[in-house]
Every structure is written in structure tokens, then in C-alpha cells.
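Q: Guided by the hints, dock chain B onto chain A, whose structure is given.
Top line first, the protein sequences correspond to chains A and B.
Residue 1 is where the first sequence starts when you use the working numbering, and the numbers rise one by one after that.
Residue 1 is where the second sequence starts when you use the working numbering, and the numbers rise one by one after that.
No lab work stands behind these hints: they were computed from the structure.
Any given hint could turn out to be false.
To be verified - Examples of chain A residues toward chain B, derived with CB under 7 Å: (1) T8; (2) V20; (3) S26; (4) H29; (5) P31; (6) G35; (7) A47; (8) L49; (9) V50; (10) A57; (11) G58; (12) V62; (13) V67; (14) T71.
All C-beta atoms, glycine included, are put in the ideal place defined by N, C-alpha and C.
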Amino acid sequence: MDPITLLTVVVLAVFVGFEVVSKVSSTLHTPLMSGANAIHGIILIGAILVAGQTTEAGLLVVALIAVVLATANLVGGFVVTDRMLGMFRGRKTTQPTAPTAPAGEGK
Amino acid sequence: MSLLAPEWTAILYLIAAVCFILALKGLSSPRTARRGNLIGAAGAFVAVVTVFLSARLENIPAILVAIAVGSAVAAPIARRVQMTQMPQLVALFNGVGGGAAALVALLELGHNADPWVRVAVVFTMLIGAISFAGSGVTVAKLQELITTRPVIFPGMRWAMTAVLLAAVVAGGFVVATGSGGWAVALLLLGLAAGLLLVLPVGGADVPIVISLLNAFTGLAVAASGIVLDNLLLVVAGTLVGASGTILTRAMASAMGRGVSGIMFGAFRGGSTAGSTTQSNRPVRSSGPEDVAVLLAYAQRVIIVPGYGLAVAQGQHTIAELATTLAARGVEVDFAIHPVAGRMPGHMNVLLAEANVPYESLKEMAEVNPEFKHADVALVVGANDVVNPAAKSSPGSPIYGMPILEVGQARQVIFLKRSMRPGFAGIENELLYDPKTSLLFGDAKDSLTKVLGAVNAL
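Next up, chain A with everything else stripped away, as it sits in the complex (with noise of 0.2 Å):
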């Protein structure tokens, strides 16, 4: 990668990265360390890429550890985050949601 291109991406990315989070109150700040922390775990295709890359056993074996920790870290990740937001939103959204579950049962 040509490295100018390389340092452009990277500078706008860190002022993307610390806008979008700048004014978060404190009741989110686990959900959101959460849902970042799920989001390093695109490290999986890092991991994909290079177990896909690999003849030799003993490396595909360390490559495919990588690929099961990164799998964990992206899958819970995101999976944990819904569970914590889905308690902040569940109570407000059971009672308009409770007339309707018969209707989508009669389908």
C-alpha cells in the first residue's frame, strides 16, 4: 500500500474514531466498549487470509487458533452488546410490541 494513502486513511480515521464517540453519556459507556471491542474482531478475516494461505500443518494449526480466538472476540462481541442494549430497550418496547405477537403468530 502506498504509504501516503496509508497515513491519509489512518489520520481520517482517528478523527472518525474520536468524533463519533465524543459526547457518549457514562450509562452507554460499557455498550459501547463492548460493541468496539466486537469490532476489532474483523481481525478474523486477518486470520481467514492467512490460515487460507498456509501449506505447512504446524502453521495452519497456529493459524486456525487464530481464527477460533478472533471468531470469539467478533461473535460474542456483538452478541453480548445486543443482550446489554436489549435490556435498556425491552421494557419500553414490550408493551406496543405485546398486541401484535398474536398477529404474527397467525400468519
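A: Chain B alone, transformed into the frame defined by chain A:
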């Protein structure tokens, strides 16, 4: 064979990157948070499908099995974990992500002769390993497998310096020679650095360290993107690194701490050590009936829930108590300290789980002026967040942390397991105040008894 032209791959990765930005944006506001998280998951899904279509990959069946294994392990744990143990789980997921990044960089070392790329390899391995080991320590501390108090041994500072110097040397050799042996040595040094970095951190500061390590893993992932020449990894990792840094600072300031003070305070000498002495001064202990009378005949009650409540799984009982009191005409609010529970926002999650209305959860700035109008402040399983030592004694490890001013209420009731000091290990003067009464016992048992006594009035 690759099914996708490089242009399409780049566009799909761009879509995934945009999804991640929207996810972080969405997570910053309560109304859009859940949708934001789902957008992030969708972005990750797009990226993973894309990688299979865009590159010539061997071993696809084995990779799919590994992904299935990772999902099968992580998803049920994430779904079933007790909400009180959630901070540990987040730390654990963060650690394995860092470990994955370090392994990816290690394996890529052989494919790269460019010294700059090797620098990125070294950076990824070192930071990934620090994050892996450091997160492991935070999990052990939160799970109370090891002491929550700062672990310091003589010469620790020198050990840390030596490890970091050795890591720089090993990193230099990796860049110069591309040797796998040096790379493994570097990984081990990274693990040692992670241990030494987090062991001296006191229990109450652990959540901030988790957030910091989260940002570290983000940076490791960004560097791995340089190694693999993959722009999506660079963008996603940088986003997490940057937002994680901001979040860490926000959390630290909510606790009145500086990040460097937390990380290196113990090295500078004892400041986070605190006192463990339990004095034998008299306290006023009372029974559930007394507490019930105080609560039921009050005009205004402010409940301060803490980690002890969560541990005892008492959040449903306290919600019921609040409803019962409200039915008797008592005005009840919950005062939520930013770090109540074990993580910022943790207590909000726990009380939301117990169906406490969002409106009665008051943040610290909002509720502090109201304590002087409150008849009773009911502190359940909290200690450090109401400890006046944070304001009055500059030598205290929690000095400077904003606290809930429960001392201004007319009566203060503590439900506590024992006189043992809180997570930060400091005594609380408020417990000896004449207007304070204490009800000892497991938070849930005590609340059940108090609730029964209120109903019997």
C-alpha cells in the same frame, strides 16, 4: 480462484468500514444503540463473506470448522453469562482478539521482507500480546481468582523497564532478520509486559484498564492491516483505537482519575494501596423492621445501588421494594454513580434488567443536589462511591473521585455484608456517622426482609 474482482472487494470492504462507523455512532446514543450494534454485526458479516470470495484460499473446510467452533463457544457464553460477570466477558473477548492479531502477525512474518512491514509485524505482536496477557489479568481480578488489590513487588519498575528494553531489542532483531525465534521471544516479552502492566492496578480501576486494552487491541488490528495490506483492518482497527482512547479518558474522568495515574500510580509508591485496617469503632446496627419504618414513613428516598446488590442478585427485590414504597406515596429515585457496579453504565444495565423505569435512574450530577432534600438515603452494597474520603483525605487512593453525597440526607442506611472495606480497600467514615444505621447481611436477604416488614406495616 477468486470470484470477486479487486474493485468489488474494495467496495465491499468500504461498505463494511462504513457499517463500523455507523455502529460506533449508533452506540453513542440510547435510542440508536441496539440498531448500531446490529449494523456493526452486518458489516462484519459482509467483510467475512467478502474475504472468502476475494482471495484464493486453501484449507477452506478447516477454516469454516474453526469459525463454527469459535461461534459455538462464544455465542452461548455471551448469551448466558450473568450480567454481573459481563465486564469479565468483555475483557476476555478483547484479550482473545489481541491474541489473534498477534498470531496473525507472527504467521505473516515469513511473507514479508520489507522492513517497514516488519515494523508493523513487531508492533502488532507486541501490542496484541500485551492486550492478551493484560486482559487475562483483568479477568482474573474481576472474577476474584487473584486479589483485586494492586500486586506490587520490589523491583517491579525495573522488571518492567527490562522487559520493555528486551522487547525493543527482540523487535529490532525481528525487523533485521525476520527470524521466527526472535518473533516468539517478542511474543513472550509482550505477554510479560501485559502482566506487569496490569497487576499493579487496583480493583476499582480495572474497568478503565479494560477500556485501554480494548484501544490497544484496536491498534494491533490496525497494524495487522498494514502487514496484510488490508485497508479494512487498518480502518476498523484505527477506529477502535481512537474511540477506545476517548472512551478510556471519559471513564477515567468520570472517576476523577488520570489514565497515567491509574496505570503507573502503584509504581510511584503505594498511592493505590489504601488501608486495610478494620477499626473496632462502634457502629449503629439495626434490624429490618427499623429500616422498614424509616423507609415507609419517609417523603423522599434515594436508593444508591452498588456492586454488592448485583452480586446478591438483589436487583429484582430492590425494584419491588421501590414499587411498594412508591405505592405508599414515597418518592423513590435511584442514584447511579458512573462507576456503580464494575464498569461505567453497568448498574444501569442491571436495573434495566429488573424493569426499573429508566426515568427513576438518576445520574450523579442530577441527583447530588437532591440528597439534602431526601429523608433517607438507602445504600445497598455500595461503599467506595459514597465514601467521603474521596473529598476529604488527599492521601486516599480514591481522592478526587466524584462521589454521591449521601451524607447530606437526613438518615443514611447501609445494607452491607460486613464491615469489610469496599473494592478499593478503604474505610468509610460515613459508616460511623451518628445518622447512619447499618443492616448487615446479604443484600438480597436483607431487602427481602425489609420488603416483608414494609408490607406488614
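Q: Taking 7 Å as the limit, does the beta-carbon of V62 of chain A come near enough to a beta-carbon in chain B?
A: 6 Å, holds
Q: Does the interface hint hold: is G58 of chain A within less than 7 Å of chain B, judged Cβ to Cβ?
A: 10 Å, violated
Q: Hey, does the V50 of chain A contact hint survive, CB to chain B under 7 Å?
A: Check passed: Cβ of V50 of chain A comes within 5 Å of chain B, closer than 7 Å.
Q: Does the nearest C-beta of chain B fall within a distance shorter than 7 Å of the C-beta of T8 of chain A?
A: 11 Å, violated
Q: Given V67 of chain A as an interface hint, is its Cβ closer than 7 Å to any Cβ of chain B?
A: Given a least distance of 4 Å, the restraint on V67 of chain A holds.
Q: Is the interface hint satisfied for T71 of chain A? The criterion is a beta-carbon contact with chain B at less than 7 Å.
A: With a closest approach of 3 Å, the T71 of chain A hint holds.
Q: Just to be careful: measuring from the Cβ of A57 of chain A to every Cβ in chain B, is the smallest value less than 7 Å?
A: 10 Å, violated
Q: Taking 7 Å as the limit, does the beta-carbon of V20 of chain A come near enough to a beta-carbon in chain B?
A: 5 Å, holds
Q: Hint check: is the beta carbon of G35 of chain A less than 7 Å from a beta carbon of chain B?
A: Holds - the Cβ of G35 of chain A comes within 7 Å of chain B, reaching about 4 Å at its closest.
Q: Verify the interface restraint on S26 of chain A: the C-beta must sit less than 7 Å from at least one C-beta of chain B.
A: 4 Å, holds
Q: Minimum Cβ distance from A47 of chain A to chain B below 7 Å?
A: Hint on A47 of chain A: holds, closest Cβ of chain B at ~5 Å, below 7 Å.
Q: Taking 7 Å as the limit, does the beta-carbon of L49 of chain A come near enough to a beta-carbon in chain B?
A: Hint on L49 of chain A: holds, closest Cβ of chain B at ~6 Å, below 7 Å.
In this structure, the earlier hints numbered 1, 10 and 11 are contradicted, and the remaining ones agree with it.
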